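Residue numbers (our numbering), protein chains in the order written: chain A, 1 to 218; chain B, 219 to 482; chain C, 483 to 714.
Treat the hints loosely; a few may be bogus.
[Unchecked claim] Mimicking BS3-like on lysine-lysine, the simulated pairs with C-alpha atoms at most 25 Å apart in a straight line are: (1) 467(B) / 292(B); (2) 276(B) / 467(B); (3) 213(A) / 621(C); (4) 488(C) / 602(C); (5) 292(B) / 430(B); (6) 144(A) / 669(C); (7) 509(C) / 144(A); (8) 130(A) / 602(C); (9) 621(C) / 136(A); (10) 634(C) / 213(A); (11) 542(C) / 561(C); (12) 538(C) / 488(C); (13) 40(A) / 205(A); (14) 669(C) / 621(C); (15) 276(B) / 18(A); (16) 606(C) / 136(A); (17) 256(B) / 338(B); (18) 205(A) / 144(A); (19) 518(C) / 561(C); (20) 509(C) / 676(C); (21) 338(B) / 467(B); (22) 561(C) / 45(A); (23) 467(B) / 477(B); (24) 430(B) / 333(B); (25) 456(B) / 4(A); (26) 136(A) / 604(C); (27) 276(B) / 4(A); (28) 542(C) / 634(C); (29) 47(A) / 144(A); (30) 386(B) / 432(B); (31) 710(C) / 555(C); (32) 602(C) / 136(A); (33) 509(C) / 555(C); (34) 561(C) / 40(A); (35) 561(C) / 130(A); (36) 136(A) / 561(C); (37) 4(A) / 457(B); (38) 136(A) / 634(C); (39) 466(B) / 456(B).
Hint data in this document are derived by calculation from the structure and do not stem from the laboratory. Fair warning: this is a prediction, and the values are worked out from it, not measured in the lab.
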Amino acid sequence: MESKVLEMLIPMTLEGLKTTLSVFAITIMASLPLSVAVAKIRMSKNKLISTLIGIYIYIMRGTPLLLQLMFIFFGFYYVPYIGYAFSRNQAIFIAFILNYTAYFAEIFRGGINSIDFGQYEASQVLGLSKSHTFMKIILPQVIKNVLPSIGNEVITLVKDTSLVYILGASDILKAAKSVSNAYSAFSPYIFIGLVYLAITAVLTKVLNKIEDKYNYYR
Amino acid sequence: MKKFMSIKLVALLLLTLTLLIGCSNNEPATSKTPEEKKTTYVMGLDDTFAPMGFRDEKGQLIGFDIDLANEVSKRLGITIEFQPIDWSMKETELNAGNIDFIWNGYTITAERQEKVAFSKPYLENSQIIVVLANSDVSKKADLAGKNVAVQAESSALDAINAEPEFVKSINELVEFSTNNEAFMDLEAARSNALVVDEVLARFYMRQNGQDKFKVLEEDFGNEEYGIGLRKDDSELLKKLDEALDEMKKDGTYDEIYAKWFSEN
Amino acid sequence: MILEVKNLSKSFGNTVVFEDISFSVNKGEIVCVKGKSGEGKTTMLRCINKLETPDKGSIKINERYLCREEDNKMHYASKDELQTITQDIGLVFQSFNLFPHMTVMENLIESPMFIRKMPKEKIKQRAYELIKQLELEGKEDNYPYQLSGGQKQRVAIARACMLNPSILCFDEPTSALDESTRNQITKIIRDLAKQGIAIIIVTHDNNFVDEIAETVITLSEGNIIISKSNQP
Numbered sequence: 001m002e003s004k005v006l007e008m009l010i011p012m013t014l015e016g017l018k019t020t021l022s023v024f025a026i027t028i029m030a031s032l033p034l035s036v037a038v039a040k041i042r043m044s045k046n047k048l049i050s051t052l053i054g055i056y057i058y059i060m061r062g063t064p065l066l067l068q069l070m071f072i073f074f075g076f077y078y079v080p081y082i083g084y085a086f087s088r089n090q091a092i093f094i095a096f097i098l099n100y101t102a103y104f105a106e107i108f109r110g111g112i113n114s115i116d117f118g119q120y121e122a123s124q125v126l127g128l129s130k131s132h133t134f135m136k137i138i139l140p141q142v143i144k145n146v147l148p149s150i151g152n153e154v155i156t157l158v159k160d161t162s163l164v165y166i167l168g169a170s171d172i173l174k175a176a177k178s179v180s181n182a183y184s185a186f187s188p189y190i191f192i193g194l195v196y197l198a199i200t201a202v203l204t205k206v207l208n209k210i211e212d213k214y215n216y217y218r
Numbered sequence: 219m220k221k222f223m224s225i226k227l228v229a230l231l232l233l234t235l236t237l238l239i240g241c242s243n244n245e246p247a248t249s250k251t252p253e254e255k256k257t258t259y260v261m262g263l264d265d266t267f268a269p270m271g272f273r274d275e276k277g278q279l280i281g282f283d284i285d286l287a288n289e290v291s292k293r294l295g296i297t298i299e300f301q302p303i304d305w306s307m308k309e310t311e312l313n314a315g316n317i318d319f320i321w322n323g324y325t326i327t328a329e330r331q332e333k334v335a336f337s338k339p340y341l342e343n344s345q346i347i348v349v350l351a352n353s354d355v356s357k358k359a360d361l362a363g364k365n366v367a368v369q370a371e372s373s374a375l376d377a378i379n380a381e382p383e384f385v386k387s388i389n390e391l392v393e394f395s396t397n398n399e400a401f402m403d404l405e406a407a408r409s410n411a412l413v414v415d416e417v418l419a420r421f422y423m424r425q426n427g428q429d430k431f432k433v434l435e436e437d438f439g440n441e442e443y444g445i446g447l448r449k450d451d452s453e454l455l456k457k458l459d460e461a462l463d464e465m466k467k468d469g470t471y472d473e474i475y476a477k478w479f480s481e482n
Numbered sequence: 483m484i485l486e487v488k489n490l491s492k493s494f495g496n497t498v499v500f501e502d503i504s505f506s507v508n509k510g511e512i513v514c515v516k517g518k519s520g521e522g523k524t525t526m527l528r529c530i531n532k533l534e535t536p537d538k539g540s541i542k543i544n545e546r547y548l549c550r551e552e553d554n555k556m557h558y559a560s561k562d563e564l565q566t567i568t569q570d571i572g573l574v575f576q577s578f579n580l581f582p583h584m585t586v587m588e589n590l591i592e593s594p595m596f597i598r599k600m601p602k603e604k605i606k607q608r609a610y611e612l613i614k615q616l617e618l619e620g621k622e623d624n625y626p627y628q629l630s631g632g633q634k635q636r637v638a639i640a641r642a643c644m645l646n647p648s649i650l651c652f653d654e655p656t657s658a659l660d661e662s663t664r665n666q667i668t669k670i671i672r673d674l675a676k677q678g679i680a681i682i683i684v685t686h687d688n689n690f691v692d693e694i695a696e697t698v699i700t701l702s703e704g705n706i707i708i709s710k711s712n713q714p
């Protein structure tokens, strides 16, 4: 790669990393706890609430994230009564959190369902409360079970952050595009591909560490 | 009890979302409510469109349109913020009020005139046909059964579609999100020709080796660039037109033109 | 009398599981409940341990009603009453249902730590007593997957005994055991009974019943036959 291309690409990539990593981190930090709550509500005995959550999950999983980004930024303003003009960053965070919460919630729902009912009965006989049972007995086992699926989604999220281009945000892929257009060169795209691979490598390491940590029992 | 817990969870969910919305970066949601003495305007552009508006090696926005806009802002005593947008979203961004004008090699077409108000044209351009230097294509008719690349949502695409017989004669019209990608496709010889704004094509070819390409004599017609505004923004439109006229009269426009385009 | 069951009935939909059964259990008594599978013996045990809700009749544990029928209406224990009754009765599941992510010690102290505002040291002291009594020394930091079937069962018994219950229930305790562990469990159950704990064992293992039971309750087609054995 020519040095003048690199000279432009490195600072722009660092700038783009701020967007890519903040979308990634905020989405993870908000969606993981939210999704546990959503999964619980989805499994609630209240038909109305669980159906509403079911519809929300259906919409989030049944439409492209790109479309959701466009809807929240451009379209939500025109929704009667609750319409509101979100800023670009708000729209990005809301769309990503809503979307990933839905995916994570379905994973957690499967995980919660996979726990042997005997665990609930043992807790009940021992006099543990419902919330204590969930937090201390069920959830730790669920987390161990769902870690591989969560890990998959986390890595997908890294790549999905590139969709923010539709709202004009400048992530690392956009940095590559800018440099590519300024110098009419393809090499910036290869460079950014390597950056994605590096991020994924670090995450894979971290995810394996967490899985190891949960391997203390079988 | 169970019901109560669900309600608590819903409340928690809403609270978290509200907090997130509250904390996330506050870029003002721009001009949803037009104020009387507005002095800051948001200009939407595809910041990868060289040489009209693109990034230099430091990541700063540069280009012919950027220089013009900066000059205009000085003359009108306003501030112009540059907001990168996805080019396919430009009219949506404009009409939603997220940006105040589109100024980025924005070709005046009849179709667009229905949606936006255009300033007076400030630059002439034509939609040229570029092929590889070793190509045996020398006129439009030679492209029958071949693939033609073009930028999606571009005026080049509109110009091609204005000639339906041509569209019918070719194999496929391949749309790319940027002209750069379209050029790469041509270089890879997957597309046999590229229809593109002349200003951009000349810039690209200068960068990438003039001798790799040739430009056909036939083209898809001349066109003019203008600034696109919301239809109800007639006051701003008048001011922009006056400033551009002034710049043409006192030679500033020519200075900027000479900086970006060679005459030959 | 520690447990008194009167006129208890339970059905699932249109299927009657058992109807109008009554019996009582005294302090330190070992009662075996026999019957073919599907005769409702486990369901009855689950009713006593409030894992199922009976349709009719009453269950009284240590003078407190888990449920009772009055004027043809069922009254169930309130949440507070349940909390007290829970501490008076323990259940050892057929599949033990230990918490796999917790060590033996953590399994034992989880419930007392939650229910009783007692210092952790006192609770641990009680756990060590039971670990010794049930010959689980050295296993307190092991996880359930590291234990044999017999050891898991003893952990489950210890866990159920942590709150000093008056009644201890076993669901098919011999189903997964070999000869030697079987003898061990027989001895443990006798020891517990000697301490005054009432024992209720649901099983279809007739040899085991002959060996251990003082009272045998046979469930058949929803009704029961009570017989005293000649056990000492």
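Hints, one by one, checked against the model:
no., hint, in the structure
1, 467(B) / 292(B), "16 Å, holds"
2, 276(B) / 467(B), "33 Å, violated"
3, 213(A) / 621(C), "21 Å, holds"
4, 488(C) / 602(C), "39 Å, violated"
5, 292(B) / 430(B), "41 Å, violated"
6, 144(A) / 669(C), "38 Å, violated"
7, 509(C) / 144(A), "43 Å, violated"
8, 130(A) / 602(C), "22 Å, holds"
9, 621(C) / 136(A), "22 Å, holds"
10, 634(C) / 213(A), "24 Å, holds"
11, 542(C) / 561(C), "16 Å, holds"
12, 538(C) / 488(C), "9 Å, holds"
13, 40(A) / 205(A), "30 Å, violated"
14, 669(C) / 621(C), "20 Å, holds"
15, 276(B) / 18(A), "16 Å, holds"
16, 606(C) / 136(A), "19 Å, holds"
17, 256(B) / 338(B), "22 Å, holds"
18, 205(A) / 144(A), "17 Å, holds"
19, 518(C) / 561(C), "34 Å, violated"
20, 509(C) / 676(C), "9 Å, holds"
21, 338(B) / 467(B), "14 Å, holds"
22, 561(C) / 45(A), "20 Å, holds"
23, 467(B) / 477(B), "17 Å, holds"
24, 430(B) / 333(B), "39 Å, violated"
25, 456(B) / 4(A), "42 Å, violated"
26, 136(A) / 604(C), "22 Å, holds"
27, 276(B) / 4(A), "11 Å, holds"
28, 542(C) / 634(C), "30 Å, violated"
29, 47(A) / 144(A), "29 Å, violated"
30, 386(B) / 432(B), "24 Å, holds"
31, 710(C) / 555(C), "33 Å, violated"
32, 602(C) / 136(A), "17 Å, holds"
33, 509(C) / 555(C), "30 Å, violated"
34, 561(C) / 40(A), "23 Å, holds"
35, 561(C) / 130(A), "12 Å, holds"
36, 136(A) / 561(C), "21 Å, holds"
37, 4(A) / 457(B), "40 Å, violated"
38, 136(A) / 634(C), "20 Å, holds"
39, 466(B) / 456(B), "16 Å, holds"
The earlier numbered hints that this structure contradicts are 2, 4, 5, 6, 7, 13, 19, 24, 25, 28, 29, 31, 33 and 37.
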